[in-house]
Each structure stands twice: as structure tokens, then as C-alpha cells.
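K.L.:
Sequence:
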Amino acid sequence: MIVFSSLQIRRGVRVLLDNATATINPGQKVGLVGKNGCGKSTLLALLKNEISADGGSYTFPGSWQLAWVNQETPALPQAALEYVIDGDREYRQLEAQLHDANERNDGHAIATIHGKLDAIDAWSIRSRAASLLHGLGFSNEQLERPVSDFSGGWRMRLNLAQALICRSDLLLLDEPTNHLDLDAVIWLEKWLKSYQGTLILISHDRDFLDPIVDKIIHIEQQSMFEYTGNYSSFEVQRATRLAQQQAMYESQQERVAHLQSYIDR
Numbered sequence: 001m002i003v004f005s006s007l008q009i010r011r012g013v014r015v016l017l018d019n020a021t022a023t024i025n026p027g028q029k030v031g032l033v034g035k036n037g038c039g040k041s042t043l044l045a046l047l048k049n050e051i052s053a054d055g056g057s058y059t060f061p062g063s064w065q066l067a068w069v070n071q072e073t074p075a076l077p078q079a080a081l082e083y084v085i086d087g088d089r090e091y092r093q094l095e096a097q098l099h100d101a102n103e104r105n106d107g108h109a110i111a112t113i114h115g116k117l118d119a120i121d122a123w124s125i126r127s128r129a130a131s132l133l134h135g136l137g138f139s140n141e142q143l144e145r146p147v148s149d150f151s152g153g154w155r156m157r158l159n160l161a162q163a164l165i166c167r168s169d170l171l172l173l174d175e176p177t178n179h180l181d182l183d184a185v186i187w188l189e190k191w192l193k194s195y196q197g198t199l200i201l202i203s204h205d206r207d208f209l210d211p212i213v214d215k216i217i218h219i220e221q222q223s224m225f226e227y228t229g230n231y232s233s234f235e236v237q238r239a240t241r242l243a244q245q246q247a248m249y250e251s252q253q254e255r256v257a258h259l260q261s262y263i264d265r
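According to UniProt numbering, the sequence shown holds residues 1 to 265 in order.
To be clear, the hints were calculated from the coordinates, so they are not data collected in a lab. You may find that some hints are simply not true.
Claimed, not checked - Capping the alpha-carbon separation at 30 angstroms, the derived lysine-lysine pairs in DSS-like fashion look like this:
no. : residue 1 : residue 2
1   : K29       : K48
2   : K48       : K116
3   : K29       : K190
4   : K48       : K193
5   : K193      : K35
6   : K35       : K190
7   : K48       : K35
8   : K116      : K193
9   : K193      : K29
10  : K48       : K190
Construct the entire structure; sequences and hints are all you get.
P.N.:
Right under this line is the structure:
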């Protein structure tokens with residue numbers, strides 16, 4: 001569970017969140033929405049431990065594996081497929097350990113590492129990486145091309161595939177459909193619908209959000225407002241809430257006017 005409690009975040013002199021509170025349950029798929037500059041990406045940066053809160057607190061299980069899309073991709077000579085596999089850090093660590101154990105001819109260590117590799121389905125990792133890349137529009141020939149051959153937009157697709165291959169408990173995505181064509185967007189939507197972990201998704205595309213998310217957190221007026229359901233449901237619920245608030249305000253103003261008229265007699 002992720003719990004934000006009385007959270008305050010500033011950017012310079014500007015307050016983005018003030019006494020904001022929200023809860024995200026394990027396995028929920030949350031659409032994080034709000035006007036540009038309201039603090040959506042900053043909230044993800046907080047979860048990634050890139051910044052600190054200025055007040056309040058947030059908690060989530062320390063055992064959770066986080067994944068997100070890196071914004072920079074160096075012009076590497078490494079093949080695209082191998083670059084994506086780097087996203088599974090546990091696999092790469094076990095691969096290095098296995099190489100070291102083989103060099104030492106340590107039979108016990110080799111057997112132990114093979115057991116750990118079996119547990120994470122390591123033997124299918126190349127086919128899984130290829131499947132992700134195919135879904136995002138890469139051809140078989142492109143899988144073996146160096147990362148440096150690709151344009152900025154295609155490198156962002158590589159970074160997205162690298163985040164998806166990670167066996168994460170919490171996936172943070174900020175406008176993931178940027179740089180994707182329609183076929184890749186449809187594929188990503190299907191993939192995210194079947195994702196088993198907790199998802200926090202920033203997107204301005206309601207057609208993309210609607211089939212995926214089951215909760216909306218709306219950042220507005222330095223607070224976080226929670227709504228159950230998808231984006232379309234959020235719009236209806238928010239309109240109802242605003243109408244109720246307006247009705248209460250008008251009722252209060254009528255009472256104030258009535259009292260004032262009584263006093264003025």
C-alpha cells in the first residue's frame with residue numbers, strides 16, 4: 001500500500017502540494033491527472049527518491065521493486081535486445097554471478113544460481129524482451145542493431161521496453177504514449193491491462209486511460225482528490241461534487257443575506 005499523509009511539496013517558492021493525503025492499494029491502476037505544472041511528475045519523482053518532501057510523509061513497502069522509463073538514452077553500441085534485458089537487474093546480477101561461479105568451477109554456487117534463475121524464468125528472458133520490442137514496433141532486424149542507430153523517439157521506446165521487462169511491484173509511467181504510433185499504443189494498453197503490479201499512470205489521453213485505470217487521483221488546488229473508477233467516471237463524479245459544492249455555497253450565501261437583512265431592520 002502507498003500512503004501519502006499531509007504531504008507538502010514545494011518547487012522553489014511555489015507550493016505544489018499542501019497537506020495532501022491519498023492511498024493507493026496494492027494492484028490498483030491509478031490515473032494521476034491535473035493541469036500542467038500541478039505536480040504530477042514531481043510526485044513520481046518523490047516516489048523514485050529523486051526529491052524529498054517538504055512536509056508530511058509517504059510510505060510504501062520497502063520490498064517493492066520499482067520501474068520507470070529513463071528519460072535519457074546514451075548512444076550505446078549495445079544491441080537493442082541486450083539493452084532492454086538490462087531492465088531486469090536481478091537477471092543481470094545473477095548472470096554475472098553465474099559467470100564468476102563458472103570461472104571458479106564452483107559447482108555448489110552454480111547449482112544455487114541456476115535455481116534462482118529458474119525462479120525468475122530467466123531462460124525465457126530473450127523471447128520476452130523480443131516480444132516487448134515487437135509490440136512497440138521493432139522488427140526482428142532491429143533487435144540486433146546498436147542503440148546508437150536509433151532516433152530519440154525510438155530510443156524512448158527502448159527505455160519503455162526496459163521498464164516493462166522489469167518484474168516490478170510498482171510501475172510509474174509519465175505520458176508513455178509519446179513517440180508511439182497507434183499500433184504501439186493499442187499494444188501497450190493491452191499490456192498494462194494485464195500488468196499484475198501497482199500502476200501510477202500520467203496521461204492526457206482519456207481514451208488510453210479509460211480501459212486501464214480503476215482509480216483517479218486528481219491534483220487540484222494543492223490537494224489530491226481520489227475517485228474510484230476510470231477517467232470517464234471521474235469526470236461525472238467530479239462534476240457532481242462541484243455542483244454540490246456550488247449548491248452549498250449558494251445556500252450559505254442565501255442564509256447570510258437573510259441574516260444580514262434581519263440585522264439591517
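K.L.:
Could you run down the list of hints and mark each one as holding or not?
P.N.:
Against the structure, the hints:
With a CA separation close to 17 angstroms, the supplied pair K29 and K48 stays within the 30 angstroms bound. Between K48 and K116 the CA atoms are separated by roughly 27 angstroms; this keeps the pair inside 30 angstroms, and the hint holds. With a C-alpha separation of about 13 angstroms, the suggested pairing of K29 with K190 holds against the 30 angstroms cut-off. At most 30 angstroms may separate the alpha-carbon atoms for a hinted pair to count; K48 and K193 meet this at roughly 23 angstroms.
Between K193 and K35 the alpha-carbon distance is near 25 angstroms, which keeps this suggested pair within the 30 angstroms criterion. Straight-line distance between C-alpha atoms of K35 and K190 comes to about 26 angstroms, which keeps the hinted pair within the 30 angstroms bound. At roughly 21 angstroms between alpha-carbon atoms, K48 and K35 fall within 30 angstroms of each other, so this suggested pair holds. Straight-line distance between C-alpha atoms of K116 and K193 comes to about 28 angstroms, which keeps the hinted pair within the 30 angstroms bound.
Restraint check: the Cα-Cα separation between K193 and K29 comes to about 9 angstroms, which is no more than 30 angstroms; the hinted pair holds. Distance check on the hinted pair: K48 and K190 sit about 25 angstroms apart at the alpha-carbon level, within 30 angstroms; holds.
Violated hints for the displayed structure: none, as all numbered hints are satisfied.
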